[in-house]
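Q: Following the hints, put chains B and C in place on chain A, whose structure we already have.
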Amino acid sequence: MDMDYREVEGTREFVARLAHGEDWRAQIEDFARAEEIEAAFFVGLGAVQDAKLLYYDQTDLEYYPMEFDEPLEVAACIGNVSLLEGDPFAHTHAVLSRADGSTVAGHLDAGTVFAGELYVRAFEESLERAHDEPTDLDLWPL
Amino acid sequence: MDMDYREVEGTREFVARLAHGEDWRAQIEDFARAEEIEAAFFVGLGAVQDAKLLYYDQTDLEYYPMEFDEPLEVAACIGNVSLLEGDPFAHTHAVLSRADGSTVAGHLDAGTVFAGELYVRAFEESLERAHDEPTDLDLWPL
Amino acid sequence: MDMDYREVEGTREFVARLAHGEDWRAQIEDFARAEEIEAAFFVGLGAVQDAKLLYYDQTDLEYYPMEFDEPLEVAACIGNVSLLEGDPFAHTHAVLSRADGSTVAGHLDAGTVFAGELYVRAFEESLERAHDEPTDLDLWPL
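Protein chains in written order, with full-length UniProt numbering: chain A, 1 to 142; chain B, 1 to 142; chain C, 1 to 142.
One chain only, chain A, in its complex shape (with noise of 0.2 Å):
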């Protein structure tokens, strides 16, 4: 089986400064609802006071969460936005790192921020996450 892939055009970009003390993610989404943002990709960097990771076992097909109430170095953030039962979806991972270069890494569902650089860049399509066998996700129709 192929990927399933949709060409898609970028319209709008943005470079954004994360606020200090506010969640990573939900700030993302705000953004994305302010401006109308459908469909996008981010990547970024910065620091966040804490952070709770999810892991999805592909087992279980369920998440389970880990918490870091640690300061951490944001050293890779990729995502996207797209709609998740109507409304904008920031799935989001990041690697984080320690003051001795150790890491841990997964799906971002929180973290408040330190400081925070993205580049976004949205699309005019819109995308919108529907369940997906046999993952039990929610993924992309294309």
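Any given hint might turn out to be false.
[Claimed, not checked] Calculated from the model, a selection of chain A residues having no Cβ within reach of chain C, i.e. all distances over 10 Å: (1) Asp4; (2) Arg6; (3) Glu9; (4) Glu13; (5) Glu22; (6) Lys52; (7) Leu54; (8) Asp57; (9) Thr59; (10) Asp60; (11) Pro65; (12) Phe68; (13) Gly86; (14) Arg129.
[To be verified] Covered by chain B, per the in silico footprint, the following chain C stretches (three or more residues, Cβ under 8 Å): (15) 79-87; (16) 135-142.
The hints are simulated quantities; they were obtained by calculation from the structure and are not laboratory data.
Even for Gly, the Cβ is constructed at its ideal location relative to N, Cα and C.
A: Below, chains B and C without anything else, positioned relative to chain A:
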């Protein structure tokens, strides 16, 4: 010595959902072949059911493999497409993570997709890899 | 508080091959100076012969260095270019990995390139860093 660079024209861009159960990198190369893409950069995120990473030893000038036969999140994936011996090659690096957040990373040779989402920016130029001294790698003369 | 953002115009984009034996970050800044780029985002991958990472302590509000005198893959590199005291500064984060896949990550201050490939998206705007409260960092007023 300064870095070599070339200004490019990004005339087409794509979002993609990688096919469950198929190889992460091979799908990108099949897509590039189908769309006649000879130069592109991409970023992605998702999860794999297993992964084969390669580490390039800078002294031996050889790739050494690492096999991870376990489910892993793709916390970050950055790569590009160019021609290697006339055929699209997806040079792919990835940071992978486990249920406890611990990570492994490197040059992603292969990985069975659980789920994956990509942004691909294709350039109208053609980039071709050629043997490079002193790295003994196939790099771009730009 | 919401995040600050600015819509930008990406009028030029580049692919680059970093010069073997030279500094990863300095080359990006030299390139930005040569091309008169005052705002850009970039992603990259490759390998370095050594690396100096910085960790910003969120309590002390100080950068602390970590030196890695060993060959490392650049599994993921995300950064941006903007002006700091009038000169291009490449804010660069990276995830680095070893022969066993183990990783270190953070703010990349310096690293001797073994091989490196970048995508740079330049904006026609100028972004200038300025002192920020409460982080004591140089951030963008957008």
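Q: Indicate, hint by hint, whether the structure satisfies it.
A: Each hint tested on the structure:
1. Asp4: holds, 23 Å
2. Arg6: Label holds. Min Cβ-Cβ 21 Å, cutoff 10 Å.
3. Glu9: Holds: least Cβ distance 13 Å, greater than 10 Å.
4. Glu13: Answer for glutamate 13 of chain A: violated, closest chain C Cβ roughly 5 Å.
5. Glu22: violated, 6 Å
6. Lys52: Given a closest Cβ separation of 17 Å, the condition holds.
7. Leu54: Answer for leucine 54 of chain A: holds, closest chain C Cβ roughly 19 Å.
8. Asp57: holds, 21 Å
9. Thr59: holds, 22 Å
10. Asp60: Fine: 25 Å to the nearest Cβ keeps aspartate 60 of chain A off the interface.
11. Pro65: holds, 22 Å
12. Phe68: Holds, since 13 Å exceeds 10 Å.
13. Gly86: About 21 Å separates glycine 86 of chain A from the closest Cβ of chain C, which puts it past 10 Å; holds.
14. Arg129: Per Cβ check, arginine 129 of chain A is outside 10 Å of chain C; nearest 23 Å; holds.
15. 79-87: As far as the region 79-87 of chain C goes, the hint is violated, because 0 residues have Cβ atoms under 8 Å from chain B.
16. 135-142: violated (count 0)
In this structure, the earlier hints numbered 4, 5, 15 and 16 are contradicted, and the remaining ones agree with it.
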